[in-house]
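Residues per chain, in single letters:
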Amino acid sequence: MIAELGHFALLLALMTSLIQASLPLYGAERQDRGLMQLASVAGVASFLLVGFSFVSLAYSFVVSDFSVKLVAENSQLAKPLIYKITGVWANHEGSMLLWVLILVIFAAAISIFGKNLPAPLKARVLAVQGMIATAFLAFLVFTSNPFERLANPPLDGSGMNPLLQDPGLAIHPPCLYMGYVGFSVAFAFAVAALIEGKVDAAWARWVRPWVLIAWCFLTLGITLGSFWAYYILGWGGWWFWDPVENVSLMPWLAGTALLHSALVVERRHALVSWTILLSILTFSLSLIGTFVVRSGVLTSVHSFAVDPARGTFILMILSIATGGALLLYALRIPTVKKGAPFASISRESSLLLNNALLIVATATVFIGTFYPLLIDLIGKDKISIGPPYYNRTFIPLFIPLLITMVLGPFLKWKRDDLGEALRKLNIPLVFAALGGGAVLLITMGKYLFTAFGVALAAWVIVGSIWALVKRVKLGSIPFAQSLALLKTTPRAYFGLCLGHLGMGLVVAAITTVTTWEKENILAMKVGETTTISSYGVKLAKIEQVPGPNYQAERGTFEISEDSTVFAIMSAERRYYPLQQSQTNQTAIHTNLISNIYIALGDADSTGGWTVRIYYHPLAPWLWIGGLTMALGGFISLTDRRFRIGIATPNKEALA
Amino acid sequence: MTLSRALPFLVFLAIAAALALGLDRDPKAIPSMLINQPMPQISLPALQEDQPRFESTAFIGEKLVLINVFGSWCPSCRYEHPFLMRLASDKRFTLLGLDWKDTRDNAKKYLENYGNPFAQIGFDDTSHAIINLGVTGAPETFVIDTKGIVRLRITGPLTEEIWNADVEPLLKSAVAAP
Chain V
243 MIAELGHFAL
253 LLALMTSLIQ
263 ASLPLYGAER
273 QDRGLMQLAS
283 VAGVASFLLV
293 GFSFVSLAYS
303 FVVSDFSVKL
313 VAENSQLAKP
323 LIYKITGVWA
333 NHEGSMLLWV
343 LILVIFAAAI
353 SIFGKNLPAP
363 LKARVLAVQG
373 MIATAFLAFL
383 VFTSNPFERL
393 ANPPLDGSGM
403 NPLLQDPGLA
413 IHPPCLYMGY
423 VGFSVAFAFA
433 VAALIEGKVD
443 AAWARWVRPW
453 VLIAWCFLTL
463 GITLGSFWAY
473 YILGWGGWWF
483 WDPVENVSLM
493 PWLAGTALLH
503 SALVVERRHA
513 LVSWTILLSI
523 LTFSLSLIGT
533 FVVRSGVLTS
543 VHSFAVDPAR
553 GTFILMILSI
563 ATGGALLLYA
573 LRIPTVKKGA
583 PFASISRESS
593 LLLNNALLIV
603 ATATVFIGTF
613 YPLLIDLIGK
623 DKISIGPPYY
633 NRTFIPLFIP
643 LLITMVLGPF
653 LKWKRDDLGE
663 ALRKLNIPLV
673 FAALGGGAVL
683 LITMGKYLFT
693 AFGVALAAWV
703 IVGSIWALVK
713 RVKLGSIPFA
723 QSLALLKTTP
733 RAYFGLCLGH
743 LGMGLVVAAI
753 TTVTTWEKEN
763 ILAMKVGETT
773 TISSYGVKLA
783 KIEQVPGPNY
793 QAERGTFEIS
803 EDSTVFAIMS
813 AERRYYPLQQ
823 SQTNQTAIHT
833 NLISNIYIAL
843 GDADSTGGWT
853 VRIYYHPLAP
863 WLWIGGLTMA
873 LGGFISLTDR
883 RFRIGIATPN
893 KEALA
Chain B
1238 MTLSRALPFL
1248 VFLAIAAALA
1258 LGLDRDPKAI
1268 PSMLINQPMP
1278 QISLPALQED
1288 QPRFESTAFI
1298 GEKLVLINVF
1308 GSWCPSCRYE
1318 HPFLMRLASD
1328 KRFTLLGLDW
1338 KDTRDNAKKY
1348 LENYGNPFAQ
1358 IGFDDTSHAI
1368 INLGVTGAPE
1378 TFVIDTKGIV
1388 RLRITGPLTE
1398 EIWNADVEPL
1408 LKSAVAAP
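Heads up: the protein sequence lines correspond to chains V and B, in order.
With my numbering applied, the first sequence corresponds to residues 243 to 897, in that order.
With my numbering applied, the second sequence corresponds to residues 1238 to 1415, in that order.
What the hints contain is simulated information worked out from the structure, not anything from laboratory work.
Even glycine gets a Cβ: it sits at the ideal position worked out from N, Cα and C.
Among these hints, one or two may not hold up.
Partner residues aside, some chain B positions facing chain V, computed with beta carbon under 7 Å [stated by the list, open to error]:
{"id": "1", "residue": "Ala-1253"}
{"id": "2", "residue": "Ala-1254"}
{"id": "3", "residue": "Leu-1258"}
{"id": "4", "residue": "Gly-1259"}
{"id": "5", "residue": "Arg-1323"}
To give a feel for the contact side, a few chain V residues facing chain B, derived at Cβ under 8 Å [said to hold, decoys possible]:
{"id": "6", "residue": "Gly-553"}
{"id": "7", "residue": "Ile-559"}
{"id": "8", "residue": "Leu-560"}
{"id": "9", "residue": "Thr-564"}
{"id": "10", "residue": "Gly-565"}
{"id": "11", "residue": "Leu-569"}
{"id": "12", "residue": "Ala-572"}
{"id": "13", "residue": "Ile-575"}
{"id": "14", "residue": "Thr-577"}
{"id": "15", "residue": "Leu-616"}
{"id": "16", "residue": "Leu-619"}
{"id": "17", "residue": "Ile-684"}
{"id": "18", "residue": "Gln-824"}
A few chain B positions that, by computed beta-carbon distances, are all more than 12 Å from chain V [unchecked claim]:
{"id": "19", "residue": "Leu-1250"}
{"id": "20", "residue": "Glu-1317"}
{"id": "21", "residue": "Lys-1384"}
{"id": "22", "residue": "Arg-1388"}
Turn these sequences into a full structure, and let the hints steer you where they fit.
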């Protein structure tokens, strides 16, 4: 019964979304207040309906109602409660429902909190949101109904992919989707602006918090995803340039560009049409991400059920949304007012350079991801593109980006002098030189690239802190005055510093871990000792441990330094009988500076166990850096300026 | 509408077209280097020690030859086995087996339990032959025509659908040709 109600709510939501997509648009054209108001009402109604539908599905999972096909295929009685809940989105239908739910949450948020948006703009933005919601609800209802019933329900379900039975997966997909779908708001604002033929500073002020929310969650999602891959796959890697990873990186790169270009529109009213284009591009990349993951056009470690009919449907949505928006852009952009001029050395130009580099980087990833498909189409060849391609293309693009990201905040708007800005950056320059020099000295000049990487990381990290130091004039005025200045510094400025600092941490981690990681793969018998870096690793025991819905082999390792044991680590191999598959629980010992990483492999015939041990210096900073970036974004969101712009103080609570 | 403004739209059209074409490609389908190449000469001991050595080219001539890579350890082979048993009675081709990474005892027990559909079985516990054939996993089936040319490679279990779609036409044309 609950499942039927959920299904019915979904159908009703399709109706309300259809209304939201059509009538308000007409109302905005005719200046009809009532019809424009309808958008908000329909937005909230869609949210309630989809929310109800989602709760119904979650309920079916929690009570293990195996007469619902989706539950029978993706759940089982013995599964812990948390995985019954996350099981809702660990499958195609449920994850698309989550996608739509987040979409309508954003639309409802605009409906409720967008009180000071001009009525026609609000109506048009919501109408565009309604179109996207209609498309995806139709996709759900017609190709991926999550509420399909089984005539003969099984006694137990067939379980969920064991790789996904992990706490990380409870929050990773929702975060990622908050990011992907969040960019739909920027898209809707861009399309609405094109319809109106008007973009002003107020427009940018309204869009920016939404872009920022989406960006924060996407950053968080990618960081969590990378960490999940790190410890569950047991390969000791944290980024594989896998298509599914790439399609989440692309909207992030474009979204980062958008975040910065929207700033220029807001402050200086320049780069207007570029920002519109970026808004369309960023959300389109999110849609492409959804398309790639859901259609299976590219091979990936993520194996989802693949159905060409679904792929065709999403491609149609993508074509109409992106194609339509870009056509509108081509037709309408001449009517949008041109921006204010700026000199070649100015904050605007540094942001423009940042944008150009980010977009070229996006294109690089795009080409790398889709080139195998293109080659397959024109020839008979199957190829795959791996890290060497990205190392050669992506890294050179990021070097100038990292250099400018420190310089940018020190440049004045409109026009500045490069020499003067660099003089203010003397301290970060010194640190960069020291960092690079130290590496060269220690390695006796062998690792030139590493030295350069460390210098860049030091430049970004110290430069980001320096931006704050300079802002409060620490050292050049009495300390009390600096403190007073610190209090009046807008939160967005702290956000900027933290965001950039996080990037610096990531660069430091990548450089260090790729240069100095150590790996020791061997067969160990119980009682044997080996070494990794300066540590001793002893395989103390191997035991069988039963889990709720799996059987595990657990290896316990004693980690010692100078023959003093300082940590006990246990790595597991879990066997899930229902799915007949195995997962790895790697053991990670971290002191926030470096990781010791152990994965347990197969037993061989002589009583030895394959053990993979890695030493990853600075690896924790990868994720600390990612989290710092996201934190910077969230702090920016609490800035007063944003609250005046769009909404009530409750905005963050909602996000 | 000047070209520069329409450029994003035009670029997108091209990308969308490529994606649409890509939809019915299967990225997991790996073409074999052997397709339309002569079957390599492979010589292996037979699974049953009392039988003559397994020669991959010995049966080439009058009928099509199917070589099926299997192992008693492989669940998908077990799944495929009943279908192979049905094929065994078909006289239009010769079905050969290639037992891979197995022990003789296990393989013999496996065939005793589930039946032996193969005219002859080569025993490859060292994977030498398997590497020459470019096999990526068991089960895998090669179809070789009367001239000794590899015409088809099927990765994964043979099923009725794959058989009817891919192998049956080859059989028909082979019978019609001479």
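These are the hints, each one checked on the structure:
Of the supplied interface hints, the one on Ala-1253 of chain B holds, with its beta-carbon coming within about 5 Å of a beta-carbon of chain V, less than 7 Å. About 9 Å separates the beta-carbon of Ala-1254 of chain B from the nearest beta-carbon of chain V, more than 7 Å, and the hint is not met. About 5 Å separates the beta-carbon of Leu-1258 of chain B from the nearest beta-carbon of chain V, less than 7 Å, and the hint is met. Nearest Cβ of chain V to the Cβ of Gly-1259 of chain B: about 5 Å, under the 7 Å cut. The hint holds.
For Arg-1323 of chain B, the interface hint is violated, the least distance from its beta-carbon to any beta-carbon of chain V being 26 Å, above 7 Å. Interface restraint check for Gly-553 of chain V: the shortest CB-CB distance to chain B comes to about 5 Å, inside 8 Å, so the restraint holds. Taken as an interface hint, Ile-559 of chain V does not check out: its beta carbon lies about 11 Å from the nearest beta carbon of chain B, beyond 8 Å. Nearest Cβ of chain B to the Cβ of Leu-560 of chain V: about 7 Å, under the 8 Å cut. The hint holds.
At about 6 Å, the closest approach between the beta carbon of Thr-564 of chain V and any beta carbon in chain B falls short of 8 Å, and the interface hint on this residue holds. Hint status for Gly-565 of chain V relative to chain B: holds, with the closest Cβ pair at about 6 Å, below 8 Å. Interface restraint check for Leu-569 of chain V: the shortest CB-CB distance to chain B comes to about 5 Å, inside 8 Å, so the restraint holds. The beta carbon of Ala-572 of chain V comes within 4 Å of a beta carbon in chain B, closer than 8 Å, and the hint placing it at the interface holds.
Because the beta carbon of Ile-575 of chain V sits about 6 Å from the nearest beta carbon in chain B, less than 8 Å, this interface hint is met. Against a cut-off of 8 Å between C-beta atoms, the interface hint on Thr-577 of chain V is violated, since the closest Cβ of chain B lies about 11 Å away. Taken as an interface hint, Leu-616 of chain V checks out: its beta carbon lies about 6 Å from the nearest beta carbon of chain B, inside 8 Å. Contact between Leu-619 of chain V and chain B, as hinted, is supported at the beta carbon level, the nearest pair being about 5 Å apart and thus within 8 Å.
The interface hint given for Ile-684 of chain V is broken, as the beta carbon of that residue sits about 44 Å from the closest beta carbon of chain B, more than 8 Å. With 8 Å as the threshold, the beta carbon of Gln-824 of chain V stays out of range of chain B, its nearest partner Cβ sitting at about 14 Å, so the hint is violated. Residue-level check failed: Leu-1250 of chain B sits 7 Å from the nearest beta carbon of chain V, not beyond 12 Å. Every Cβ of chain V is farther than 12 Å from the Cβ of Glu-1317 of chain B; the closest lies at roughly 17 Å, confirming the non-interface assignment.
The claim that Lys-1384 of chain B lies off the interface holds: its Cβ sits roughly 22 Å from the closest Cβ of chain V, which is beyond the 12 Å cut-off. Consistency note on Arg-1388 of chain B: stated as away from chain V, and its beta-carbon is indeed over 12 Å from all of that chain's, at 16 Å minimum.
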